[in-house]
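Student: Sequence:
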Amino acid sequence: VLMVGRFLLRIVLLGLPALAIPAAYLLLLRDTVPAPRITNNIALNEKLAFVREHFADGVDVLAVGSSMTLNNLASDGVIAHFGTDRYVNAAAWGLGAAELPVLGTLLTDRLRPHTVLVATNLMDFRSAGRQLGTDSAAMARFLDGGPLVLSYLRHWDAPYLLRQAEANRIRFRDPGNYEYLGFDDHGGATLDVPADRIDRTRFNEAPPTADRLDEARYEAFARFAHWLKARGVKLMVVQCAYRDGLRTPAVDALQQAHVARLRTLLEPLGHTLIDGNAHRWADDLFVDGSHLGRAGAAQFTDICLPPRGAGGR
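Mapping the sequence shown onto the working numbering, position 112 (from 1) lands on 112, and the numbers just tick up by one.
Since the hints were made in silico from the structure, they are not lab data.
Heads up, some of the hints might be wrong.
[What the hints assert, rightly or not] Straight line, CA to CA, 25 Å or less: simulated DMTMM-like cross-link-like pairs of lysine to aspartate or glutamate:
| # | residue 1 | residue 2 |
| --- | --- | --- |
| 1 | 234 | 76 |
| 2 | 229 | 53 |
| 3 | 234 | 85 |
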């Protein structure tokens, strides 16, 4: 027994340097250590951690959806419209309409909002969108609390933690990076990409054509709308604008058909749709084809969600 004990002690001592080196590096980068790898979506993991840390008591207004919701809604404007600071933007890039029945229902159940806000456009309904890559049980368990260290151990991935801790030094601090995750107090992350750093490929990306839209995503969106109606929760959908330089008669016609379809679904349920494309939007308000810069997001939010006393609801 003594020999076995010594052998185990020697193994532990020999293994300490291998553990100490990554631990010391993570300590050095402690301000940018990523959230546990609950899903295969980095932004969503960070947002789940943000909601868990700051909004355990629930909210009045919950914003969910893709990067259109994350980047194009200015938090101050949303708060001014609804007249409450019990608001969280729980959106993440890489999501779309198909994820709403999973993530949207999970967050609505836990945060108990009276209104769910979704900013979207045709990109969220295209067939090429990514999936969550996990079941809702993992996200629910994480949101329900418990020691954070257990979440890291349950989803342990040392290379992921080290790699993303390094990348987050930029993501958390640079609004000129398209993967910016420097959330404001309510979870918004408006972009501020200087003109000389705008990715021209992204800036010139055209809206999807009709043949690229996915019927299953419309069905998922409808399920979410009906689910909210059954629970007495109001859904407000803001259709995001396209910059003027991308708008053609064909794009406008497809956009109008898309909006009409969503309106036919939403209004009989008592939900609301606001079409940002009813206005024109100068190219210099955008950082790419679908995402507004900081000034553009503020203007877009104020027009689509006017402050109370100025036509707000």
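Student: Of the numbered hints stated previously, which ones are contradicted by the structure, given in increasing order?
Tutor: 2
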